[in-house]
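Student: Following the hints, put chain R in place on chain Y, whose structure we already have.
Here's the letter readout for the chains.
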Amino acid sequence: MQIKLHNLKRTYGDLHAVNGISLDIPSNTIYGIIGKSGAGKSTLVRLISLLERPDEGEVFFDDVRVDNLQKHSLIERRRRVGMIFQNFNLFSSRNAEQNIAYPLEITGTPKNEITTRVARLLSLVGLEGRGKAPISTLSGGQKQRVAIARALACNPDILFCDEATSALDPQTTHSILALLKEIQRKMSLTVVMITHQMEVVRDACDQVAVLNDGVVVEQGLVTDIFANPSSEVTKDFLSHLVGVDEAAEEPNKMVQWSKKSGAYTLRFRGGTTDQPILSKISRQLGVDFNIRAGGVQKVGDIEIGTMIVDISGDEDTRKKAIESLSQMGVVVEEEESV
Amino acid sequence: MSKLWILVFGATMETLSMVFFSTLFSLILGLPLGILLSATSGEDQGGIIPHPVLNNVLGRIVNVLRSFPFIILMILLFPLSRLLIGTSIGTTATIVPLSIAAAPFVARVIETALKEVDPGVVQAARAMGSTNMQIVRKVLIPEALPSLVSGVTLTIINLIGYSAMAGAIGGGGLGDLAIRYGYQRFRGDIMVVAVVVILVLVEVIQVIGNKISAKLLARR
Numbered sequence: 010m011q012i013k014l015h016n017l018k019r020t021y022g023d024l025h026a027v028n029g030i031s032l033d034i035p036s037n038t039i040y041g042i043i044g045k046s047g048a049g050k051s052t053l054v055r056l057i058s059l060l061e062r063p064d065e066g067e068v069f070f071d072d073v074r075v076d077n078l079q080k081h082s083l084i085e086r087r088r089r090v091g092m093i094f095q096n097f098n099l100f101s102s103r104n105a106e107q108n109i110a111y112p113l114e115i116t117g118t119p120k121n122e123i124t125t126r127v128a129r130l131l132s133l134v135g136l137e138g139r140g141k142a143p144i145s146t147l148s149g150g151q152k153q154r155v156a157i158a159r160a161l162a163c164n165p166d167i168l169f170c171d172e173a174t175s176a177l178d179p180q181t182t183h184s185i186l187a188l189l190k191e192i193q194r195k196m197s198l199t200v201v202m203i204t205h206q207m208e209v210v211r212d213a214c215d216q217v218a219v220l221n222d223g224v225v226v227e228q229g230l231v232t233d234i235f236a237n238p239s240s241e242v243t244k245d246f247l248s249h250l251v252g253v254d255e256a257a258e259e260p261n262k263m264v265q266w267s268k269k270s271g272a273y274t275l276r277f278r279g280g281t282t283d284q285p286i287l288s289k290i291s292r293q294l295g296v297d298f299n300i301r302a303g304g305v306q307k308v309g310d311i312e313i314g315t316m317i318v319d320i321s322g323d324e325d326t327r328k329k330a331i332e333s334l335s336q337m338g339v340v341v342e343e344e345e346s347v
Numbered sequence: 017m018s019k020l021w022i023l024v025f026g027a028t029m030e031t032l033s034m035v036f037f038s039t040l041f042s043l044i045l046g047l048p049l050g051i052l053l054s055a056t057s058g059e060d061q062g063g064i065i066p067h068p069v070l071n072n073v074l075g076r077i078v079n080v081l082r083s084f085p086f087i088i089l090m091i092l093l094f095p096l097s098r099l100l101i102g103t104s105i106g107t108t109a110t111i112v113p114l115s116i117a118a119a120p121f122v123a124r125v126i127e128t129a130l131k132e133v134d135p136g137v138v139q140a141a142r143a144m145g146s147t148n149m150q151i152v153r154k155v156l157i158p159e160a161l162p163s164l165v166s167g168v169t170l171t172i173i174n175l176i177g178y179s180a181m182a183g184a185i186g187g188g189g190l191g192d193l194a195i196r197y198g199y200q201r202f203r204g205d206i207m208v209v210a211v212v213v214i215l216v217l218v219e220v221i222q223v224i225g226n227k228i229s230a231k232l233l234a235r236r
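The listed protein sequences derive, respectively, from chains Y and R.
Residues 10 to 347 in the numbering used here are what the first sequence spells out, letter by letter.
Residues 17 to 236 in the numbering used here are what the second sequence spells out, letter by letter.
To be clear, the hints were calculated from the coordinates, so they are not data collected in a lab.
We treat Cβ as the ideally placed atom computed from N, Cα and C, and that holds for glycine.
Here are some chain R residues pointing at chain Y (derived, C-beta under 8 angstroms):
{"#": "1", "residue": "Gly-136"}
{"#": "2", "residue": "Val-137"}
{"#": "3", "residue": "Gln-139"}
{"#": "4", "residue": "Arg-142"}
{"#": "5", "residue": "Met-144"}
{"#": "6", "residue": "Ser-146"}
{"#": "7", "residue": "Thr-147"}
{"#": "8", "residue": "Gln-150"}
{"#": "9", "residue": "Val-155"}
{"#": "10", "residue": "Pro-158"}
{"#": "11", "residue": "Glu-159"}
If you want a taste of the chain R side facing chain Y, the calculated C-beta under 7 angstroms gives, among others:
{"#": "12", "residue": "Ala-140"}
{"#": "13", "residue": "Ala-143"}
{"#": "14", "residue": "Gly-145"}
{"#": "15", "residue": "Arg-236"}
Just chain Y, with the same shape it has in the complex:
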């Protein structure tokens, strides 16, 4: 199911929580929406999950307008949308299988059908045999698996994940993301992941929109955005991710070739990570690169390298070096602060 947002706005008092957001979320993909706290993520998810109506703008599911539905059709529509949360929001008065059965109960599914569906869902999320377990006896990852099973109970065509991995440790996050990817493929779902973790976008999403101050500052394929981020917010997210920020923040501790040399962030992509680009250019132009920090990470199937370097030499040679880097497909950003 394709989701289209057109110029959505939602204001609380003076706060423009969502200030004109338009997005096309294609069918059958995992779409990330990333932003810091206060960027408008929570409001946006409440708007597109039909928990709240926008002040302005429209929401379409497969070209059907859904933001202005009447009470009855709104409830019907919500039943075809799955949602999971940061705090799982499971019913503590019900055990695991009773939680999964809840959406089926409220839609009046016959008892024997509920039993078979719940058993299938439990095995889908890898919790066979834990159906009778009280919620409080489950670990964080298991709770989120129950929540995922519950969200999928009514065969939804959309699954919203609202900070679904933010309360989990890295390992559990990894396994939950793997499960979500597997389920997305199996059920041809449109998955929308709202998060503040770039790791989640990198490891699970096909496309991403970056949110800041209630507007979309950047959107596109995750591989493109990682290789060539255009907004400051995105760059900031990426710098935290590769762990280069620590090194960059303490320039005094770094060995620098020359005070004149600037610091640059280089982003390599795909095939370019395999080549000895720096040493080649170094030989050709007689410049020196001092690598201050760097790393390579997998984004989807593509490798993306990030490096913070100083380039020595006079301004002219530096310029030439940057030019040849760009020719070889490396994105170069100059840091103004140094």
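Tutor: Chain R alone, transformed into the frame defined by chain Y:
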């Protein structure tokens, strides 16, 4: 001696029946009111149909009724008892003012218990397409059940106290026994026995209530 025990036994039965029926009727009156109070509160407090005006009006009415001295309320409600039961004295007649006095208390107890339910859980239920009725019946009440049981326990104990007071103005039961025999006829022994029976009743109800509440929590 055996006459004393017959008196005490009869009075205890009267008290138990007053407390049982007034608990039942105060729940019938207070439960919907408590649900309405919690449902109409702000969304940040887990209200499912926020309605500040209605919430305010209901809250005021509940507060006025709760701050009313019980003895005065009972006298004021004599005409209502007469209308419903045909008399304003005796055990059955006392159930009317007892139920009405306890209903606002029950409403607050229910409201507090329901508001303790995690708003995130209510949001999840709503996102899954629950109707308001389904949220109340299948989410709010089951989730709040241990607190609700504690609240009902508290109500019963309060009603035992109130029913003893009602005895002073012809309500029957253990309070009546203590006043008429113990106080007016200088039978200190009857007074002591009546008071001890009331203490035992309160203790037994409290222990049972705690047990049920703990058992419900242990299953989670």
